[in-house]
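Construct the complete structure from the given sequences, taking the supplied hints into account.
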Amino acid sequence: MTRRFSITLPDDVAAVLDNVDNASAYIAEALRLRRHRDATRELLAAAGYHPTDEGVQRMRERLAANRAARAKRQAAGQ
Amino acid sequence: MITLVLDTSALLAYARLHGLAVSELVMLAGEADTLVGIPAGDLLEAHASLTAEGDTDAITYLEALVGDEEAAITVLALRGEDAVTVARLAAQMPAPGGAHAVIVSAALGVDLATYTRHGLRPPDSTVTLVEPGDR
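So the sequences go chain by chain: A and B. Mapped onto our numbering, the consecutive letters of the first sequence carry residue numbers 1 to 78. Mapped onto our numbering, the consecutive letters of the second sequence carry residue numbers 79 to 213.
For the record, the hints were derived by calculation from the structure and aren't laboratory data. Each hint should be verified, as a subset may be incorrect.
What the hints assert, rightly or not - Derived, one-sided and incomplete: chain B residues facing chain A with beta-carbon distance under 8 Å:
1. 111
2. 143
3. 148
4. 150
What the hints assert, rightly or not - Ranges of calculated distance between the beta carbons of each label pair, as one might list FRET restraints:
5. 52/A / 141/B: 23 to 29 Å
6. 19/A / 195/B: 47 to 53 Å
7. 46/A / 132/B: 19 to 25 Å
The beta carbon of each residue, even a glycine, is placed where N, CA and C say it ideally should be.
Here it is as structure tokens:
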């Protein structure tokens with residue numbers, strides 16, 4: 001099921017939609033991503049956790065370093 | 079897409095409110111539109127530990143962590159073909175051990191987040207967590 005909306009967007013955001021094939025799908029995906037992030041943040045906050053951008057960035061870097069090391073190890077093993 | 083698995087130690091730390099690092103990993107998944115996997119075996123193990131301790135607040139936080147379908151968390155079932163392997167590994171690990179997390183993270187080819195230095199996954203597939211107060 002879908003619903004039709006009439007919305008107003010700033011020029012810079014509207015310009016993004018000028019370059020996509022399906023603006024409705026693009027907006028729906030953006031909203032879904034936002035809901036995923038907000039639901040996660042709310043879940044953590046309910047337990048008293050408020051992860052900082054710096055802390056999240058450190059974890060992003062740790063996981064990226066692991067991925068790079070795994071790829072290197074796997075390449076060496078082949 | 080699942081990019082990380084939490085083991086029993088990570089679940090216990092989170093539920094006991096000592097798991098800031100776990101919350102950072104979960105938030106990272108929320109921002110990246112990925113999922114953190116919670117193995118059913120580890121969830122049961124953590125829940126049993128908290129129940130034995132009578133820590134009702136921690137049980138509430140643990141149950142909430144796996145009860146929100148919109149957040150970046152998914153529970154991973156113990157598949158029949160893995161059950162015996164997990165059971166055998168669990169028998170060799172200290173309790174609570176997190177055998178299901180070890181097996182499922184290896185099967186998925188993703189990182190295992192743990193507070194336990196058991197060395198059962200390669201270092202490049204493990205995120206060993208340490209809270210500031212533990213250093």
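Here is what the structure says about each hint:
no.	hint	in the structure
1	111	holds (5 Å)
2	143	holds (7 Å)
3	148	holds (4 Å)
4	150	holds (5 Å)
5	52/A / 141/B: 23 to 29 Å	holds (26 Å)
6	19/A / 195/B: 47 to 53 Å	holds (49 Å)
7	46/A / 132/B: 19 to 25 Å	holds (22 Å)
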